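A.B. asks: If you want the building blocks of each chain, they are given just below.
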Amino acid sequence: MLKMQALSKIYRTHQIETHALREFSLEVKEGEFIAVTGPSGSGKTTFLNVAGLLEEFEKGSYFLDGQDVRNLNDNQRSRLRNEKIGFIFQSFNLIPDLSLFDNVDLPLRYRRMGSAERQKRITEALSRVGLGSRTQHYPSELSGGQQQRAAIARALAGSPRFLLADEPTGNLDSQMARGVMELLEEINAAGTTIIMVTHDPDLARRAQRNVHVLDGQVSEQLKFVEAA
Amino acid sequence: MFAYQLKMAWLNFKRAPALTALMVLAIGLGVGASMTSLQVFRAMSGNPISWKSDRLFYVQIDEWGPGAGGGGQEREPQEQVSYSNAQMVMNAKLGKRQVAMYQVAFAVKTDDDAFKPITASGRATYADFFAMFDVPFAYGAGWNAAADEGRKQVVVLSDKANEKMFAGADSVGKTVYLDQKAFRVIGVLKPWRPRPRFYDMTNANFGDAEQLYLPYTWAIDNQIGTNGNNNCNADPGEGYPAYLVSTCIWQQVWVELDSPAEQARYLDFLNNHSLEQKKSGKIDFEPNNRLYNVEQRMEKVGVVPRDVKVSAILSLGFLLVCLINTAGLMLAKALSRSSEIGLKRALGASRTMLFRQGLMDATLVASVGALIGGVLTWAGLLAMRRLGDADVQAVAQLDPVALLLVLLLALLATLLAALYPTWRASLIAPAAQLKSN
Chain A
1 MLKMQALSKI YRTHQIETHA LREFSLEVKE GEFIAVTGPS GSGKTTFLNV
51 AGLLEEFEKG SYFLDGQDVR NLNDNQRSRL RNEKIGFIFQ SFNLIPDLSL
101 FDNVDLPLRY RRMGSAERQK RITEALSRVG LGSRTQHYPS ELSGGQQQRA
151 AIARALAGSP RFLLADEPTG NLDSQMARGV MELLEEINAA GTTIIMVTHD
201 PDLARRAQRN VHVLDGQVSE QLKFVEAA
Chain B
1001 MFAYQLKMAW LNFKRAPALT ALMVLAIGLG VGASMTSLQV FRAMSGNPIS
1051 WKSDRLFYVQ IDEWGPGAGG GGQEREPQEQ VSYSNAQMVM NAKLGKRQVA
1101 MYQVAFAVKT DDDAFKPITA SGRATYADFF AMFDVPFAYG AGWNAAADEG
1151 RKQVVVLSDK ANEKMFAGAD SVGKTVYLDQ KAFRVIGVLK PWRPRPRFYD
1201 MTNANFGDAE QLYLPYTWAI DNQIGTNGNN NCNADPGEGY PAYLVSTCIW
1251 QQVWVELDSP AEQARYLDFL NNHSLEQKKS GKIDFEPNNR LYNVEQRMEK
1301 VGVVPRDVKV SAILSLGFLL VCLINTAGLM LAKALSRSSE IGLKRALGAS
1351 RTMLFRQGLM DATLVASVGA LIGGVLTWAG LLAMRRLGDA DVQAVAQLDP
1401 VALLLVLLLA LLATLLAALY PTWRASLIAP AAQLKSN
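So the protein lines, in turn, are chains A and B.
Under my numbering, the residue at position 193 of the first sequence is numbered 193, and the numbers go up by one with no gaps.
Each number in my numbering corresponds to the 1-based position in the second sequence with 1000 added.
The shape of chain A in the complex, shown without the other chains:
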């Protein structure tokens, strides 16, 4: 489903070259829930950005859902990202002056989906995360946990094959974090592949597999649960 082989990503400034990923190889199967851990600066977020087609890479290969993404142009990458990938961010990244409905609507608009279909998907996605009655609320009217749920609804509305989550509970207290984690597990149980970057070992243990990244490489993989 996701296959990276000997992938390299280098950040360059005038004076410095930083090898964020080096010979990075990883394969993720459909329906897996993977936790990516590692110290700060190890390359976790870079991996997530490359996986989510937000950044390009220098060397190696990357197949997403069987498609070689290396030579795609911006429009093709954007379309692929829109149709197959959902993002969840640590700081939620909801647009403050849009209602929850309009926030969730964003990726569907970019897909040029019809009005009725969008309406149905938005309502379903917000209901699924327990915010069905708050469609016209603004992010500032919600708690942190609710905002993250809204962000998850936005990621789910387009029915992506992948959810890429970058520290999804990093800004939440433990109770809210637990709730979000349960929601992610529920989503995974319904068949969506999830790759989650986290610093929290307890959360990492709840994933089926833990990929530890060090110096831009996969240093260790621990399997906790067999994917369904």
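Honestly, the hints are just simulated from the structure, not real lab data.
The model shown is predicted, which means the values in this text are computed figures rather than measured ones.
Glycine is no exception: its CB is placed at the ideal position from the N, C-alpha and C atoms.
Hints may be right or wrong, so weigh each one.
Per the computed footprint, the stretches of chain A lying under chain B, defined by three or more beta-carbons under 8 Å from a beta-carbon of chain B, are [what the hints assert, rightly or not]:
hint	segment
1	50 to 59
2	66 to 80
Sample of chain A residues with no beta-carbon within 12 Å of chain B, all distances over it, derived [unchecked claim]:
hint	residue
3	Glu17
4	Phe63
5	Gly86
6	Phe92
7	Leu94
8	Ser143
9	Ala155
10	Arg178
11	Arg205
12	Leu214
Position chain B relative to chain A; hints supplied.
C.D. replies: Relative to chain A, chain B alone:
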């Protein structure tokens, strides 16, 4: 999608209101200042008969010789012609159409005793005047060549004169009295205000067209003097008949010529006439005659004053400064939204989509800027009408075309200013922004 983009543009418009206000103000000020000057320039430099201006020729015949004007080969002949030369042109009938004419003025009254007599400006001319200059009629028509021959007492009224005398009704067949002589109204014009008043640019280039038109032949027979420009290089002597045979110049002559060959032939005709004049001892200099089409004539007259041209150029410079400011403000606003743009990229918006949205944002700014620019243009033109000279006062008006130009200029200027910031915003790397928020 358009409605959605507009909604997003509106949301963006409301964000960072101080920056937005500065942008709108910069566009409004730039457009207002430049449109005020450009509108005056446009009105003055416009060709009021562009569709046939290259076929209408103003005849200039040198009647006074080298002593009369500047020196050298480039010496221009006098701007008007004498009665004798006007008649020479009219009798030759070499053009498709030709008119001689001059300004007149009359005390005018009607049969209505309630109508108080007025002094009206007029033009004594030939039947061809109306067809030659495509003068539009609301009622009736102009007179014909037979009326010229017969010195008929017929008159064509302007729309304004007809409004004053007959409350705008169809007055064809009614009688008006010009200096107490009865004239039958045979035509009423639609509003016709060519600017500049190309057919007579000897003074008040941007003045209104005349209020009434009557046969030249009748005016000459009745010894009606000119109310326009008159210059003599020698004492014409006593009385109207002496004036007619003098070299005083006071008439304008136009011919309509369809092709360059006809123009060349016509100039030959004028030059041959001058040669004959020289042979007969009436003049003692080489022929020096001109045929200028409408645009050439406007150029020669210098219909657009130099200060109006300078002002138009300066105002464009000011607009450019405003645009650069606007571009800077737009860039600042776009970069302050980097994380949002990064998010949209992550959610699947392509660079093209973001670029289009950016242009929609700019269009909204332009629209509000145009509104302010329109108000400022109106205020600027109002000030020019109060403070400018007579010509500027006559043209400093906000017409529908000017309003459309305000809108177009605001839109074009803003989109131009928005190109770089929008392009830069669409290049924002999403990954760099998402973590930082």
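A.B. asks: Tell me, in ascending order, the numbers of any earlier hints that this structure violates.
C.D. replies: Structure breaks hints 5, 6, 7 and 9.
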